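Engineer: So the sequences go chain by chain: A and B.
Quick note on numbering: the working numbering labels position 33 of the first sequence as 18, and the sequence is numbered without any gaps.
Start counting at 1 in the second sequence, then tack on 72, and there's your number in the working numbering.
Since the hints were made in silico from the structure, they are not lab data.
Model, not experiment: these values are computed from the prediction.
There could be a bad hint or two in this list.
Think about it this way: if two alpha-carbon atoms lie no more than 25 Å apart in a straight line, the pair counts; the simulated PhoX-like pairs of lysine-lysine are [unchecked claim]:
#: 1; chain 1: B; residue 1: Lys230; chain 2: B; residue 2: Lys196
#: 2; chain 1: B; residue 1: Lys169; chain 2: B; residue 2: Lys225
#: 3; chain 1: B; residue 1: Lys230; chain 2: A; residue 2: Lys(-4)
#: 4; chain 1: A; residue 1: Lys(-4); chain 2: B; residue 2: Lys163
#: 5; chain 1: B; residue 1: Lys246; chain 2: A; residue 2: Lys(-4)
#: 6; chain 1: B; residue 1: Lys246; chain 2: B; residue 2: Lys196
#: 7; chain 1: B; residue 1: Lys196; chain 2: B; residue 2: Lys165
#: 8; chain 1: B; residue 1: Lys196; chain 2: B; residue 2: Lys163
#: 9; chain 1: B; residue 1: Lys169; chain 2: A; residue 2: Lys(-4)
#: 10; chain 1: B; residue 1: Lys225; chain 2: B; residue 2: Lys246
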Amino acid sequence: MNDSDLDAILKQMATEHRPQLPSPGLIWFRAQIVRKAWQKERIERPLVMMHGFAGLIGAVILLLLVADNWGQMQDAMDHRSWFLLPLLLLTLTASLASGAILLWSPAKR
Amino acid sequence: MVAGVTLCYLTMAESRTGERSSQPEFEAFYLRTGRLLHGYLCRLSRDPATADEVLQEAYLRMINAPDMEEQVRKAYLYRTATNLLRDHWRKQKRERKHWQKQNFSEAIHQNLDKPLDVSSIFEKLSAVDRATLWLAHVEQLSHREMADILGVKERSIKVILFRARAKARDLFEKAGLGAP
Chain A
-14 MNDSDLDAIL KQMATEHRPQ LPSPGLIWFR AQIVRKAWQK ERIERPLVMM HGFAGLIGAV
46 ILLLLVADNW GQMQDAMDHR SWFLLPLLLL TLTASLASGA ILLWSPAKR
Chain B
73 MVAGVTLCYL TMAESRTGER SSQPEFEAFY LRTGRLLHGY LCRLSRDPAT ADEVLQEAYL
133 RMINAPDMEE QVRKAYLYRT ATNLLRDHWR KQKRERKHWQ KQNFSEAIHQ NLDKPLDVSS
193 IFEKLSAVDR ATLWLAHVEQ LSHREMADIL GVKERSIKVI LFRARAKARD LFEKAGLGAP
């Protein structure tokens, strides 16, 4: 067997391959959906980054405030324990609201 | 407001993508290349389902890539398909390791009851040999194009092709195909 025989066998094998291919229209349609998703993601990327950055800044400010007023807070908690429950509720509500805003923002949709 | 801005940007982005190929152009290209690419992927993966999946993904990527000349586009398509298949194999290997299923090998897709035809003899060659032979004989690509698609050096392709031809000739001769 020489190279031309091999060539003929391989070409014959390729010719005999008759698969059921998906329609080109379907592939084109899927490609348009994928393209829109890529474009949307690219456009909204700065917004998502800003969300994260804002969250980080908020957390840092909160920590600084807590650290700065730690003495006063401890004093308040020691002498007026009724203060603790509303403070916890307020913190929980604020955290849930921030989470909901972040979750339902257009960038996440 | 954000939705409005997004929509505006999307419209602008849409107008900027005008240099991509049009639908009739793509359909003509798909009809010219689809069957052979499917054949290449089938021979390489030994699994028609994987070939279908990879073929569609490769065309999706090609449509969303900037417009290029026919020959460059074809090389891009084969390179993308080959890389997608490699990724698929890597993923399969990871999953296999994870589930500790030792008997789930590439050979699972082989139909051992099939009579010894050209396809089953061809499948006895290694993946690189199968790819090289297909690209050289069916697609009739140059060494450079094949090297680009398979991600190897042009010089190595010559050696791989030479050895693949020898192995294929030997296998076909042993099976009684072609003149000895």
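Engineer: With reference to the structure, classify each hint as holding or not holding.
Structural biologist: Each hint tested on the structure:
1. Lys230/B <-> Lys196/B: holds, 21 Å
2. Lys169/B <-> Lys225/B: Distance ~31 Å between Lys169/B and Lys225/B Cα, so the pair is violated.
3. Lys230/B <-> Lys(-4)/A: holds, 20 Å
4. Lys(-4)/A <-> Lys163/B: violated, 32 Å
5. Lys246/B <-> Lys(-4)/A: Holds - the C-alpha atoms of Lys(-4)/A and Lys246/B are around 20 Å apart, at most 25 Å.
6. Lys246/B <-> Lys196/B: Holds: Lys246/B and Lys196/B sit about 12 Å apart, inside 25 Å.
7. Lys196/B <-> Lys165/B: holds, 20 Å
8. Lys196/B <-> Lys163/B: holds, 23 Å
9. Lys169/B <-> Lys(-4)/A: violated, 37 Å
10. Lys225/B <-> Lys246/B: Roughly 31 Å between the alpha carbons, so the hint for Lys225/B and Lys246/B is violated.
When each numbered hint is compared with the structure, violations occur for hints 2, 4, 9, 10.
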